[in-house]
Each structure stands twice: as structure tokens, then as C-alpha cells.
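Residue numbering for the sequence shown follows my numbering, beginning at 1 and increasing consecutively.
To be clear, the hints were calculated from the coordinates, so they are not data collected in a lab. In this text, a Cβ means the ideal position worked out from N, Cα and C, and glycines have one as well. Wrong hints could be hidden among the right ones.
[As the list claims (entries may be wrong)] Below, computed lysine-lysine pairings styled on DSS-like, alpha-carbon distance capped at 27 Å:
no.: 1; residue 1: LYS182; residue 2: LYS245
no.: 2; residue 1: LYS206; residue 2: LYS100
no.: 3; residue 1: LYS290; residue 2: LYS381
no.: 4; residue 1: LYS308; residue 2: LYS352
no.: 5; residue 1: LYS308; residue 2: LYS272
no.: 6; residue 1: LYS352; residue 2: LYS100
no.: 7; residue 1: LYS116; residue 2: LYS290
no.: 8; residue 1: LYS290; residue 2: LYS168
no.: 9; residue 1: LYS352; residue 2: LYS182
no.: 10; residue 1: LYS272; residue 2: LYS209
no.: 11; residue 1: LYS305; residue 2: LYS402
no.: 12; residue 1: LYS206; residue 2: LYS182
no.: 13; residue 1: LYS209; residue 2: LYS182
no.: 14; residue 1: LYS209; residue 2: LYS305
no.: 15; residue 1: LYS402; residue 2: LYS352
no.: 16; residue 1: LYS245; residue 2: LYS305
no.: 17; residue 1: LYS292; residue 2: LYS98
no.: 18; residue 1: LYS145; residue 2: LYS100
no.: 19; residue 1: LYS381; residue 2: LYS98
no.: 20; residue 1: LYS308; residue 2: LYS98
no.: 21; residue 1: LYS274; residue 2: LYS305
no.: 22; residue 1: LYS182; residue 2: LYS274
no.: 23; residue 1: LYS206; residue 2: LYS245
no.: 24; residue 1: LYS305; residue 2: LYS397
no.: 25; residue 1: LYS168; residue 2: LYS116
[What the hints assert, rightly or not] Distance windows between CB atoms, simulated:
no.: 26; residue 1: ILE265; residue 2: ILE408; range: 24 to 34 Å
no.: 27; residue 1: THR260; residue 2: LEU396; range: 32 to 42 Å
no.: 28; residue 1: VAL373; residue 2: GLY311; range: 45 to 55 Å
no.: 29; residue 1: LYS168; residue 2: VAL213; range: 12 to 22 Å
no.: 30; residue 1: LYS168; residue 2: PHE299; range: 20 to 30 Å
no.: 31; residue 1: PHE299; residue 2: SER256; range: 29 to 39 Å
no.: 32; residue 1: SER139; residue 2: LYS274; range: 15 to 25 Å
no.: 33; residue 1: ILE143; residue 2: LYS245; range: 34 to 44 Å
no.: 34; residue 1: ASP241; residue 2: SER139; range: 17 to 27 Å
no.: 35; residue 1: GLU392; residue 2: ALA103; range: 13 to 23 Å
no.: 36; residue 1: SER90; residue 2: TRP117; range: 30 to 40 Å
no.: 37; residue 1: LEU414; residue 2: SER133; range: 36 to 46 Å
no.: 38; residue 1: PHE160; residue 2: TYR251; range: 16 to 26 Å
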Amino acid sequence: MFRRIFLLACLLAVTVLSFSQGQVGSPYSRYGIGDVNTNAQARNSSMGGVGYATPYMYDINYKSPASIGEIDTLTFIFNFGFDAGLRNYSIANPRTSKLKSDAELSQIAVGFACAKWWKMALGITPYSNVGYSIYSPDSAYGIDKNYVYAGDGGLNRVFFNNAFNPIKDLSIGVGVSYLFGKIYHSNAIVFTDDSTGTYVNSFCQKTFKISDVTFDVGLKYNIHIGEDNLRLGAYYAYNRDMNAKQSTLVYNTLASAATTVIDTIYQDSDIKGKIGLPHTIGFGLCYTYKSKLSIAADFTMQSWKNSKFFGVCDSLNNSLGAALGAEYTPNSLSPKNLWQSSSYRMGLYFNKSYINMNGGKLSVPDYGITFGVGFKPRYAKTVFNVTLQFGERGSLKNNMVKEDYFIIGVNFNLVDRWFVKSRID
Numbered sequence: 001m002f003r004r005i006f007l008l009a010c011l012l013a014v015t016v017l018s019f020s021q022g023q024v025g026s027p028y029s030r031y032g033i034g035d036v037n038t039n040a041q042a043r044n045s046s047m048g049g050v051g052y053a054t055p056y057m058y059d060i061n062y063k064s065p066a067s068i069g070e071i072d073t074l075t076f077i078f079n080f081g082f083d084a085g086l087r088n089y090s091i092a093n094p095r096t097s098k099l100k101s102d103a104e105l106s107q108i109a110v111g112f113a114c115a116k117w118w119k120m121a122l123g124i125t126p127y128s129n130v131g132y133s134i135y136s137p138d139s140a141y142g143i144d145k146n147y148v149y150a151g152d153g154g155l156n157r158v159f160f161n162n163a164f165n166p167i168k169d170l171s172i173g174v175g176v177s178y179l180f181g182k183i184y185h186s187n188a189i190v191f192t193d194d195s196t197g198t199y200v201n202s203f204c205q206k207t208f209k210i211s212d213v214t215f216d217v218g219l220k221y222n223i224h225i226g227e228d229n230l231r232l233g234a235y236y237a238y239n240r241d242m243n244a245k246q247s248t249l250v251y252n253t254l255a256s257a258a259t260t261v262i263d264t265i266y267q268d269s270d271i272k273g274k275i276g277l278p279h280t281i282g283f284g285l286c287y288t289y290k291s292k293l294s295i296a297a298d299f300t301m302q303s304w305k306n307s308k309f310f311g312v313c314d315s316l317n318n319s320l321g322a323a324l325g326a327e328y329t330p331n332s333l334s335p336k337n338l339w340q341s342s343s344y345r346m347g348l349y350f351n352k353s354y355i356n357m358n359g360g361k362l363s364v365p366d367y368g369i370t371f372g373v374g375f376k377p378r379y380a381k382t383v384f385n386v387t388l389q390f391g392e393r394g395s396l397k398n399n400m401v402k403e404d405y406f407i408i409g410v411n412f413n414l415v416d417r418w419f420v421k422s423r424i425d
């Protein structure tokens, strides 16, 4: 048993070293630390992103550390998944649209019980993504040029969650996460027509290296109502000024030979600073009817308004999120009928983003609908989850960018019983 745990720990360590950001990106990832992951794995995502109070006996829910408190005592779970998406970006003036595709590894995690009263999970997942390239043409004074804004990278999260059950039906969770990664931002003025050979392109590149530890806690309580259950959940993540290093390079090139640097204006490296993370408060409830139908709702608040990026506030505001989801399993104990033992899910979500537009007068809405199915083949130890997400962010009004997106998520849940002693008669 412990040999298997050791081998999986080694696999996870190798994964951490090789884990890299996918090509997920959006013009809105230009702000703050980029697009922040909702910490929702496949089952969460297909129910609108709920997870503070939903029951997970044979799955790893890392939205709150208390959520793993219901993992089966004799079970070892290995979980991994990936997402792929299509995103269409539109602006109103001039009316233009662009279609992009992306893909990324969404999570790798293991979970098991150390004792009847102590459950543990560890894994890695993207925490934020940055990926944008914006061109703004200009022809002032008859000189054609582009203002170019680009970014790449993001943060990864290695989490170590523990849930304790001091009394029946109560789960207290404590989580420690290590955030690491690099974020790149660049601005440039690039001349598109240099017939005289005298124009000079200007570039400013900034690299942020982030590496620090964060903490979160959670509570979940189960109330029995006859054959039904009402679960209540609460979550809190402590705000943290993460340690970071900034490197800056400002240089010029000839427009006629853009790869040739003719002058380095400014350069520094590894300047220490802080990047702020917000307080996060979340509440959730889930009502389960006769182990067949679960209806859940979550509400999340994050205080981004005072977060600073190396001492500078970056057009951020407090964010709000609400989610509603449902799951129906006709007969989870049916070994012969795949459609009876499968789980069918759907959900809705609405988020008021932490991004401020037009000097703080406009927020960026993000809302959508989700669907999903969890297949458990006959006598198999694998649960195969598929999630479909249709959403919209932003608007065509007030010079904003409208982002329509479709995401498909695939998740494999390998479940085995490792902690049963063999008996020979």
C-alpha cells in the first residue's frame, strides 16, 4: 500500500516539474494575475461550479478542504482531467470577431483516508492563466504603426488538503497551497512602413516570477432529514501578499530590422515585491433527496479592490459569484444498466468579475450554463466524467470585448480499495 502511495507521490512530483500553462487566454487576462481558476473539477463544473457543500465519497473536490471529509475510508482515488475550448471574441466598432481554440491539463490529484477521522488530498491545478495579444493600429501624421500589447503565462497551484471529522456529520478542512509560475507582459510601438529606414520600434517587457504559500479553511455539516440530507458548507481563504520578483527590459529596434536591438534603454532583474491575493468567503448548501437527486447552490465573494501588483492597484474591484446546480442518479447501485448508474448534471452560474473598465464605472459580467454526465461502467473502478460549458463574458457595449465560449472537460476518476487486509481461511 505505502509503496503505491510512494510511487504516486513520485508521479505527482514529476508532474509538478513538467506542468505548464495551456494556451488558455483572453483579452481580459491582461488584468491582475489573469483569468483566475474557479477550483472546480469536472463534477463541480457540470453543476455550474458548486462545491462548498456537495457530497463526494468517490471523488476529489478541491474547492474547499472540508469537502474531502466524506471520502470513503477504504478508498484510494486518483483523479486527472483536461479541458479544451473554443472562444469567439467580438468588438462592435469596427464590427470584428476572431475564433480561437485552447486546451490545458485541468487537474491531477490523489485522495485517501489516513484514518476514519482524517482524510487527505494533494494535487496540482492551474490557478490563473494569462494569454492575450492586442493590436491597436494608428496612422497619426500619415505614419502607420501598431500599438501591441501581449501577455502569456500564469500560476499553478499545488494543494495539500486535510479534512478532520471530530464528530459525526461534521467536517473541518485545512488547506495549504503552493502557488508558482511566471507572468509575462509586453508593450510595443511597431512601425509598419519604414520607407526612409529611420523609424525606431520601442519595446517594454516585464516578467513576474511568483512563488509563495497560501492557506484556506472550510466547514461542512450534514443534517439528516428522514431519508434526505441537507449539507451546509462554508469556506474562507486568507488574503496574502505573495512574494514575487520583477524583471524589466526596455529596448529599441530598427523598424526595417525588427530583430536587431540598437539600444537598451533600461534593464533590471529579480526586483523583489508583493502581489496581493484577496480574502475569499464562500457559502454553500446542498439538499439530497433519497440519494438520487441533489440540488446545490454556492455564493462566493472576493475582496480584490485593495490588492496591489508591486504597489500598484490594477483596475480591480471586489468580485461576486453565484452558482446553482443539480445532479440526478436513477440507481447508483445498478450493476447491469449503465444509464441507470450514471449521473446526469446541469447548472447555471453568474460572476461579476474583478476587472473594472472605464475607470471603475463598468464591471465585466460572466455567465453561462453547464451540462455533464458521469459514467460508471459495469463493475469498473473508473468513473468517466464529461462536462459541457456554454458561457459569455463582457459585452459589445461601451467599447468592451464580448467573449462567447464553449468548453468541454474530460475527467477520469480511478477508484480502488487499498486499505483492506486480505484474509486467508
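Each hint, compared with the structure:
Annotation: proposed proximity of LYS182 to LYS245 holds, straight-line Cα distance about 10 Å (limit 27 Å). For the hint pairing LYS206 with LYS100, the CA-to-CA distance comes to about 25 Å; that is within 27 Å, so the pair holds. Restraint check: the Cα-Cα separation between LYS290 and LYS381 comes to about 24 Å, which is no more than 27 Å; the hinted pair holds. Between LYS308 and LYS352 the alpha-carbon distance is near 19 Å, which keeps this suggested pair within the 27 Å criterion.
Between LYS308 and LYS272 the alpha-carbon distance is near 14 Å, which keeps this suggested pair within the 27 Å criterion. With a C-alpha separation of about 24 Å, the suggested pairing of LYS352 with LYS100 holds against the 27 Å cut-off. The suggested pairing of LYS116 with LYS290 holds, with an alpha-carbon distance near 24 Å, which does not exceed 27 Å. Note on LYS290 and LYS168: the hinted pairing holds, with a Cα-Cα distance of about 20 Å set against a maximum of 27 Å.
At most 27 Å may separate the alpha-carbon atoms for a hinted pair to count; LYS352 and LYS182 meet this at roughly 26 Å. Proximity of LYS272 to LYS209 is assessed by CA-CA distance (about 10 Å); at most 27 Å being required, the pair is judged to hold. The straight-line distance between the Cα atoms of LYS305 and LYS402 is roughly 23 Å, inside the 27 Å bound, and the hint therefore holds. Proximity of LYS206 to LYS182 is assessed by CA-CA distance (about 10 Å); at most 27 Å being required, the pair is judged to hold.
The suggested pairing of LYS209 with LYS182 holds, with an alpha-carbon distance near 5 Å, which does not exceed 27 Å. Restraint check: the Cα-Cα separation between LYS209 and LYS305 comes to about 22 Å, which is no more than 27 Å; the hinted pair holds. Taking the CA atoms of LYS402 and LYS352, the gap is about 15 Å. The hint holds against a cut of 27 Å. For the hint linking LYS245 to LYS305, the alpha-carbon distance of about 22 Å falls within 27 Å, and the restraint holds.
Using a Cα cut-off of 27 Å, the hinted pair LYS292 and LYS98 is violated, with the two alpha carbons roughly 43 Å apart. Restraint check for LYS145 and LYS100: the C-alpha separation of about 25 Å stays at or below 27 Å, so the hint holds. A threshold of 27 Å between alpha carbons decides the hint, and for LYS381 with LYS98 the separation of about 42 Å lies outside it, so the pair is violated. At most 27 Å may separate the alpha-carbon atoms for a hinted pair to count; LYS308 and LYS98 exceed this at roughly 32 Å.
A distance of roughly 15 Å separates the Cα atoms of LYS274 and LYS305; the hinted pair therefore holds under the 27 Å criterion. A threshold of 27 Å between alpha carbons decides the hint, and for LYS182 with LYS274 the separation of about 14 Å falls inside it, so the pair holds. Restraint check for LYS206 and LYS245: the C-alpha separation of about 10 Å stays at or below 27 Å, so the hint holds. Restraint check for LYS305 and LYS397: satisfied, since their Cα atoms lie roughly 24 Å apart, inside the 27 Å limit.
As the CA atoms of LYS168 and LYS116 are separated by approximately 11 Å, the hinted pair is consistent with the 27 Å bound. Range check, ILE265 to ILE408: Cβ separation about 45 Å, and the 24 to 34 Å hint is violated. Under the hint 32 to 42 Å, the C-beta atoms of THR260 and LEU396, about 41 Å apart, fit the expected range. Checked against the hint of 45 to 55 Å, the pair VAL373 and GLY311 passes, with Cβ atoms roughly 48 Å apart.
For LYS168 paired with VAL213, a C-beta distance near 32 Å fails the hint of 12 to 22 Å. Taken as a hint, the range 20 to 30 Å holds for the pair LYS168 and PHE299, whose Cβ atoms sit roughly 27 Å apart. Separated by about 57 Å at the C-beta atoms, PHE299 and SER256 break the suggested range of 29 to 39 Å. Here the CB-CB span from SER139 to LYS274 is close to 41 Å, at odds with the stated 15 to 25 Å.
Distance hint check: the CB atoms of ILE143 and LYS245 are about 37 Å apart, consistent with the given range 34 to 44 Å. Between ASP241 and SER139 the CB atoms are about 43 Å apart, so this pair departs from the stated range of 17 to 27 Å. The hinted range of 13 to 23 Å is satisfied by GLU392 and ALA103, whose Cβ atoms lie roughly 21 Å apart. Range check, SER90 to TRP117: Cβ separation about 53 Å, and the 30 to 40 Å hint is violated.
At roughly 38 Å, the beta-carbon separation of LEU414 and SER133 lies within the given 36 to 46 Å, and the hint holds. Checked against the given bound of 16 to 26 Å, the beta carbons of PHE160 and TYR251, roughly 42 Å apart, lie outside it.
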